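Peer 1: Read off the chains here:
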Amino acid sequence: MKTTSLLLLLALFMSACSEKLVRVMPYEKEYFAEDKMSLSPIAERAEQEGHIFLIREASAGGESSFQGGCGCR
Amino acid sequence: MKKLLSIVLLSVALFAAPRVGDNAVKFELPDLYAQNISFKSASLKGKVVLLNMWASWCGGCQEEMPLFVELQKEFSKSKFEIVLANIDNEAKNGVDFLSKVDKKRSLTALYDADKILPKAYRCPGMPSSFLIDQNGKVVGVYIGSLDTEAILDLKKTIKKLLGK
Chain A
27 MKTTSLLLLL ALFMSACSEK LVRVMPYEKE YFAEDKMSLS PIAERAEQEG HIFLIREASA
87 GGESSFQGGC GCR
Chain B
130 MKKLLSIVLL SVALFAAPRV GDNAVKFELP DLYAQNISFK SASLKGKVVL LNMWASWCGG
190 CQEEMPLFVE LQKEFSKSKF EIVLANIDNE AKNGVDFLSK VDKKRSLTAL YDADKILPKA
250 YRCPGMPSSF LIDQNGKVVG VYIGSLDTEA ILDLKKTIKK LLGK
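Here the protein sequences line up with chains A and B, keeping their order.
Heads up, the working numbering is the position in the first sequence plus 26, with the first residue counted as 1.
Heads up, the working numbering is the position in the second sequence plus 129, with the first residue counted as 1.
Hint data in this document are derived by calculation from the structure and do not stem from the laboratory.
It cannot be assumed that every hint is accurate.
Claimed, not checked - Okay, the calculated beta carbon distance ranges per label pair:
#  : chain 1 : residue 1 : chain 2 : residue 2 : range
1  : A       : Arg71     : B       : Ser172    : 47 to 53 angstroms
2  : B       : Asp151    : A       : Arg71     : 44 to 50 angstroms
3  : B       : Asp243    : A       : Ala59     : 17 to 23 angstroms
4  : A       : Phe58     : B       : Ala279    : 41 to 47 angstroms
5  : A       : Ser41     : B       : Lys174    : 41 to 47 angstroms
6  : B       : Lys208    : A       : Ala37     : 29 to 35 angstroms
7  : A       : Ser41     : B       : Ser205    : 51 to 57 angstroms
8  : B       : Lys155    : A       : Gln74     : 51 to 57 angstroms
9  : A       : Ile78     : B       : Lys284    : 48 to 54 angstroms
10 : A       : Ser41     : B       : Thr286    : 29 to 35 angstroms
11 : A       : Leu34     : B       : Ser167    : 44 to 50 angstroms
12 : A       : Phe39     : B       : Asn264    : 46 to 52 angstroms
13 : B       : Ser207    : A       : Leu34     : 22 to 28 angstroms
14 : A       : Met51     : B       : Thr286    : 26 to 32 angstroms
Said to hold, decoys possible - Only pairs whose alpha carbons sit at most 27 angstroms apart, straight line, appear in this in silico DSSO-like list of lysine-lysine:
#  : chain 1 : residue 1 : chain 2 : residue 2
15 : B       : Lys293    : B       : Lys206
16 : B       : Lys289    : B       : Lys229
17 : B       : Lys232    : B       : Lys221
18 : B       : Lys244    : A       : Lys62
19 : B       : Lys293    : B       : Lys176
20 : B       : Lys229    : A       : Lys62
21 : A       : Lys55     : B       : Lys206
22 : A       : Lys55     : B       : Lys155
23 : B       : Lys244    : B       : Lys285
24 : B       : Lys174    : B       : Lys289
25 : B       : Lys289    : B       : Lys169
26 : B       : Lys176    : A       : Lys55
27 : B       : Lys266    : B       : Lys202
28 : B       : Lys289    : B       : Lys221
29 : B       : Lys232    : B       : Lys176
30 : A       : Lys62     : B       : Lys289
31 : B       : Lys229    : B       : Lys206
32 : B       : Lys288    : B       : Lys176
33 : B       : Lys206    : B       : Lys248
34 : B       : Lys284    : B       : Lys202
35 : A       : Lys55     : B       : Lys248
36 : B       : Lys232    : B       : Lys266
37 : A       : Lys55     : B       : Lys202
38 : B       : Lys229    : B       : Lys244
Being a predicted model, the structure only gives us computed values, none of them experimental.
We treat Cβ as the ideally placed atom computed from N, Cα and C, and that holds for glycine.
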């Protein structure tokens, strides 16, 4: 009984040190649903942006393994 | 040890969401279109109710809404009512969307600014719907958007509850 109580107290003490994580409930995600929160807000431009990303990053070992960074694809 | 176990179980029970067989949550909310008009859940006594929690920013909610309009139309002469609880931060967004889909305002639309219902039901997803029988008991829990097939199953359950 003593050991259980000690363990419980220890668990409580340790939980105070843990990071306080806030769980966003599904009904609280209105701001996440906004267009500006999207990773690619303009779908039409996503492909072009992807291409530019490859050109820019390829020489540094970016997303593509077959591009040299010249942008001539 | 027994005491500890009972405390843990009691705390779990306190935070548990209403499930099938539990009593539905009682509420009083304003109407979505006219917020000076209040709606009490007590007025639903004796009716089969589909309580739906939705928002205009939720894609699944938008998809199922036309199906709800059709469903309410089909059961318009029965003691069946679809009650929508909108949880948008701004009621205008909910009104704008709903007035396009439900032009005749056949669905009971309420505004839940403080998200009282989703909190009480601890909705694990959006949209969430709860089928409540004439005695105020939860008889069905539907998490996520209801498609045509799910609506067909729902119709069967509603007819069964209405004794048709």
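Peer 1: State for each hint whether it applies.
Peer 2: Going through the hints against the structure:
1. A:Arg71 - B:Ser172: 47 to 53 angstroms: holds, 51 angstroms
2. B:Asp151 - A:Arg71: 44 to 50 angstroms: Holds, at about 49 angstroms.
3. B:Asp243 - A:Ala59: 17 to 23 angstroms: Since the Cβ atoms of Asp243 (chain B) and Ala59 (chain A) sit about 19 angstroms apart, the hinted range of 17 to 23 angstroms holds.
4. A:Phe58 - B:Ala279: 41 to 47 angstroms: This hint is violated: roughly 25 angstroms between Cβ atoms.
5. A:Ser41 - B:Lys174: 41 to 47 angstroms: Given about 44 angstroms between the Cβ atoms, the range holds.
6. B:Lys208 - A:Ala37: 29 to 35 angstroms: violated, 52 angstroms
7. A:Ser41 - B:Ser205: 51 to 57 angstroms: holds, 54 angstroms
8. B:Lys155 - A:Gln74: 51 to 57 angstroms: Hint holds: Cβ distance 54 angstroms, inside 51 to 57 angstroms.
9. A:Ile78 - B:Lys284: 48 to 54 angstroms: holds, 51 angstroms
10. A:Ser41 - B:Thr286: 29 to 35 angstroms: violated, 43 angstroms
11. A:Leu34 - B:Ser167: 44 to 50 angstroms: Given about 46 angstroms between the Cβ atoms, the range holds.
12. A:Phe39 - B:Asn264: 46 to 52 angstroms: At 47 angstroms between Cβs, range holds.
13. B:Ser207 - A:Leu34: 22 to 28 angstroms: Violated - the Cβ-Cβ distance for Ser207 (chain B) and Leu34 (chain A), about 54 angstroms, lies outside 22 to 28 angstroms.
14. A:Met51 - B:Thr286: 26 to 32 angstroms: Given range 26 to 32 angstroms: holds, Cβ gap about 27 angstroms.
15. B:Lys293 - B:Lys206: holds, 12 angstroms
16. B:Lys289 - B:Lys229: Not satisfied, since the Cα-Cα distance of roughly 31 angstroms exceeds 27 angstroms.
17. B:Lys232 - B:Lys221: Between Lys232 (chain B) and Lys221 (chain B) the Cα gap is close to 15 angstroms, so the pair holds against 27 angstroms.
18. B:Lys244 - A:Lys62: Since the Cα atoms of Lys244 (chain B) and Lys62 (chain A) sit roughly 24 angstroms apart, the hinted pair holds (cutoff 27 angstroms).
19. B:Lys293 - B:Lys176: Measuring from Cα to Cα gives roughly 14 angstroms; hence the hint holds.
20. B:Lys229 - A:Lys62: holds, 25 angstroms
21. A:Lys55 - B:Lys206: Violated, at roughly 37 angstroms.
22. A:Lys55 - B:Lys155: Cα-Cα ~25 angstroms, so holds.
23. B:Lys244 - B:Lys285: violated, 30 angstroms
24. B:Lys174 - B:Lys289: holds, 18 angstroms
25. B:Lys289 - B:Lys169: holds, 26 angstroms
26. B:Lys176 - A:Lys55: Violated, at about 32 angstroms.
27. B:Lys266 - B:Lys202: holds, 24 angstroms
28. B:Lys289 - B:Lys221: The given pair, whose Cα atoms are some 37 angstroms apart, is violated under the 27 angstroms limit.
29. B:Lys232 - B:Lys176: holds, 24 angstroms
30. A:Lys62 - B:Lys289: Roughly 46 angstroms separates the two Cα atoms, so the pair is violated.
31. B:Lys229 - B:Lys206: holds, 23 angstroms
32. B:Lys288 - B:Lys176: holds, 12 angstroms
33. B:Lys206 - B:Lys248: violated, 32 angstroms
34. B:Lys284 - B:Lys202: Satisfied, since the Cα-Cα distance of roughly 12 angstroms is no more than 27 angstroms.
35. A:Lys55 - B:Lys248: holds, 13 angstroms
36. B:Lys232 - B:Lys266: violated, 30 angstroms
37. A:Lys55 - B:Lys202: At roughly 31 angstroms apart (the allowed maximum being 27 angstroms), Lys202 (chain B) and Lys55 (chain A) break the hint.
38. B:Lys229 - B:Lys244: Holds, because 23 angstroms separates the two Cα atoms, which is no more than 27 angstroms.
The structure fails to meet hints 4, 6, 10, 13, 16, 21, 23, 26, 28, 30, 33, 36 and 37 from the earlier list, while all remaining hints are met.
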